[in-house]
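Produce the entire structure from the sequences given, and follow the hints as far as they go.
Respectively, the protein sequence lines represent chains A and B.
Our numbering applies: residue 111 is where the first sequence begins, and numbers increase by one.
Our numbering applies: residue 12 is where the second sequence begins, and numbers increase by one.
It should be emphasised that the hints constitute simulated quantities derived from the structure, not laboratory data.
Covered, in the sense of this in silico footprint (three residues per stretch, anywhere, with C-beta under 8 angstroms from a C-beta of chain A), are these stretches of chain B:
1. 21 to 28
2. 115 to 125
3. 202 to 215
4. 223 to 231
With the Cβ distance kept under 10 angstroms, some of the chain B side facing chain A (calculated, not the full set):
5. K33
6. I89
7. S90
8. A91
9. L95
10. E96
11. T111
12. A163
13. K164
14. R178
15. V179
16. T181
17. S187
18. L189
19. G191
No residue lacks a Cβ here, since even glycine has one placed at the ideal position from N, Cα and C.
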Amino acid sequence: MHRIILKRCMVQVTGSNNMKLLTKNTIWFLLIMLPLLAAGGIYLYHQFDKELKKEMDEELENDQIQWLLYFKSIPDNSPVFRITTPEFSIHPAKGPADAQPLLKTIMQYQEVEHKEVPYRQLEQVIRIREKFYTLTIRKSLIEKDDLIKNIALVMALAFIGLLLFVILVNRLISRSIWRPFYQSLDKMEKLQLEQMHHLTFPDTSVTEFNRLNEVLLNATSRIYHDFVIMKELTEDAAHEMQTPLAIAQNRLELLLQDEALQPSQLQSIAQTHEALQRLSHLNHSMLFMAKIGNKQFVPTGNISIRAVLEKHLRLFEELIRDKGLTVSTDISGDLSLLLHPLLADTLISNLLGNAIKYNYPKGAITIQLNEHLFSICNTSKYPPIPGPQLFQRFKKNASTLENSNGLGLAIVKKITDMNQLKIYYIHKENEHHFIIRKNKHPH
Amino acid sequence: MNILIIEDEQALQESIAQYLGKQGYVCEVAVNFREGIQKISDAEFECIIADIGLPYGSGLDIVKELKQIRSDAGIIIISAKDSLEDKLNGLGLGADDYLTKPFHLSELSARVNALLRRKHFGGNTSIIFQEIQVIPASKSVLVHQKPVELTAKEYQLLVYFIANQNRVITKSALASHLWGDEYDMAGSYDFIYSHIKNLRRKLMDAGAPDYIKTVYGTGYRFE
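Below, the structure is given as C-alpha cells:
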C-alpha cells in the first residue's frame with residue numbers, strides 16, 4: 111500500500127511527459143551540438159573555399175608575372191601575341207593599362223567535361239613597350255571543387271563519428287556516474303514502511319549522492335520512528351480499552367437482569383450493550399492488525415488451505431443454508447502456505463464470511479482451489495469496490511454493510527502483505543472475485 | 012459450589028460475583044495475587060477464575076500454585092490480552108479454560124457450568140431441567156424420556172440456555188457463543204432467530220412447555 115502511494119506521488123511530480131535522465135541528457139547534447147557542428151562545418155567549408163581561391167589567385171598572378179617577363183623578351187611581332195586558348199589568350203587592346211588585374215570566376219564550356227565548368231580568370235590590360243594588350247589567364251576550378259567536396263565529406267564523416275562517439279561515451283559515463291542514484295531510487299521504490307529501519311545505502315564517490323542518501327535515510331528513519339510511535343499508541347490504547355469495555359459490558363449485562371426495568375429501558379440497555387460489543391470487536395480487530403504488522407504470528411509450518419477451507423465451510427454451513435446460497439467448489443489440489451494457523455483461519459474466514467455477508471438470498475459462491483491459487487467469487491448486488499479504497503481501513507462505501515467495522519479486507523490484505531502472498535480483486539457481471547496467490551517475487 | 016474470583020478490577024469482580032451468585036454459586040473474591048494465594052490455601056474451591064494481570068503476580072502463577080498443591084479446582088483464566096501464547100501457556104500449565112476480556116457474563120457462566128460438570132462427574136452425568144434431559148457424553152437430548160433430534164447449533168443453544176436459566180441473554184452473546192468472535196456478524200442476528208425458532212418448536216413438539224421467552228429488543232430468557 112505504501113509503495114503504491116509512493117509511486118503515485120512520483121508520477122505526479124514528474125508529470126506526464128517524462129523521459130529518462132539519460133535520454134534527456136542525450137537530446138540536449140544533440141540539440142546544442144548539432145547546430146554548433148553544422149555552423150563549424152559551414153565556417154570551415156567557407157574558410158577552405160576562400161583559402162583555395164586565394165591560392166588560385168596567387169598562382170594566376172605568378173603566371174602573369176612569368177608571362178610578362180616572357181613577353182618583354184620577345185619581339186612585338188611574335189605570334190605569341192595572338193594566342194587564344196581557353197586557358198590563355200592575349201590580344202591587342204586599347205589603353206590605358208589596368209593598375210590591378212581583374213580576378214573573377216566565370217563559367218566556360220570545357221571539351222573534356224562536355225559542360226560548362228567554373229574557371230578562375232585573371233584579366234588585365236597590360237602595356238608591353240608602346241602597345242596595349244588584354245591578357246587573360248584562366249584556370250579550371252573543377253579540381254578545387256572536387257577537393258573541397260572531398261574535404262567536406264571527410265570532415266562531415268569525422269564530425270558525425272565524433273558526435274556518435276561523444277554521445278556513446280557520454281551515455282556510458284552518465285550511466286556509471288548515476289548508478290548510485292538509480293540504486294537509491296530502486297531501494298526507495300521497493301521500500302515498505304515496516305522495513306524502513308533496515309534501509310542502508312552504500313557509500314558512493316559522489317558527494318551529492320551521499321548527501322541525497324543521507325537525506326533519504328534521515329527522512330525514512332523519521333517516518334519509521336513516527337510510525338512506530340503511532341503503532342505503539344494504537345496498540346496501547348486498544349489494549350487499555352479492553353478492561354473498561356469489559357466492565358461496562360458486564361455491568362450492562364447485569365442491569366438487563368433487573369426485573370423492575372421497563373421494556374423500553376431494557377431495549378436502551380441492550381442497544382448500548384450492542385454498541386459496546388461493536389467497539390470491542392473493532393478494538394480487537396485493530397489489535398490483531400497491529401500484531402500481524404509486528405510479525406507476532408510466526409509461521410509454524412505449512413498450512414493446508416484445503417483443510418482450513420473445509421473447516422470454515424462446515425462452520426458457516428448454517429449461515430450459507432439460511433441464506434439459500436449455492437456453494438460450488440472446484441478443488442483440484444491443495445494450496446500449501448507458510449502461515450501461522452490463526453492467520454490462515456482469519457484469511458479464509460474473512461473472505462468466506464464476506465462472500466456470505468455481501469451476497470443476496472439464493473445467490474452463489476464459487477470457490478476454486480489448486481496448488482497455485484485460492485479463489486472465491488460471490489454474486490452480489492453491491493457495486494464494485496473502488497480500487498484505491500479496496501483494502502483501506504474503515505473505508506465505507508456503498509458496498510459496506512451498515513454495521514461492518516470495515517476492517518475485514520484490511521486484515522486480509524495485511525496478512526497477505528506480511529506473508530509473501532498476493533491478493534487480486536476483480537468485479538464483473540455483479541460478481542466480486544478475490545484471488546490469493548503466492549508472491550513469486552517478494553522483495 | 013463455591014468459586015473464587017481473583018480480579019483486581021473492582022467493578023468487574025463485582026459483576027462476575029453477582030451474576031454467578033444469582034446462578035446459585037457461592038462466590039469468594041480476591042483483589043490481588045497475595046490475597047488469592049491466601050484464600051486458596053485457606054479454603055477449598057470448586058472453581059477459580061483468575062485474571063492474568065494482577066498486582067504482585069500473574070494469574071499464571073496462581074495456576075502453578077494450584078497445581079503444586081494438587082488442587083482439583085477447575086481454573087478459568089481471564090485476560091485483557093488476546094495473546095495466543097498466554098492462552099497456550101495458561102492451558103499448558105493446567106488451566107481448564109481461557110476467556111479474553113471483554114466477555115459476556117452468560118458465556119463465563121456457561122463455561123463455569125461445563126467445567127464443573129466435567130470436573131465433578133467426568134462428563135458422565137446428564138443435565139436435568141424439568142422434563143428435559145441433556146446427555147453431554149452423547150450430545151443427545153431427551154424430553155419425557157423420548158429422544159429429540161437437535162442440530163449441533165440447537166444443542167449448543169439449549170446447553171447455553173440451561174446454564175443461564177432465568178437470565179436475559181443478549182443476541183450478541185448467543186452469536187459469539189455459537190460462532191465465536193472470529194466472524195464479524197455485522198450486527199445482523201437474524202440467523203439466530205431461525206435456530207431458536209427451530210429449537211423451541213422441537214422442544215414443544217416433544218411435550219415441553221415454551222421455556223424460551225423473547226425479551227423484546229434485547230434477547231431471550233430461558234425459564
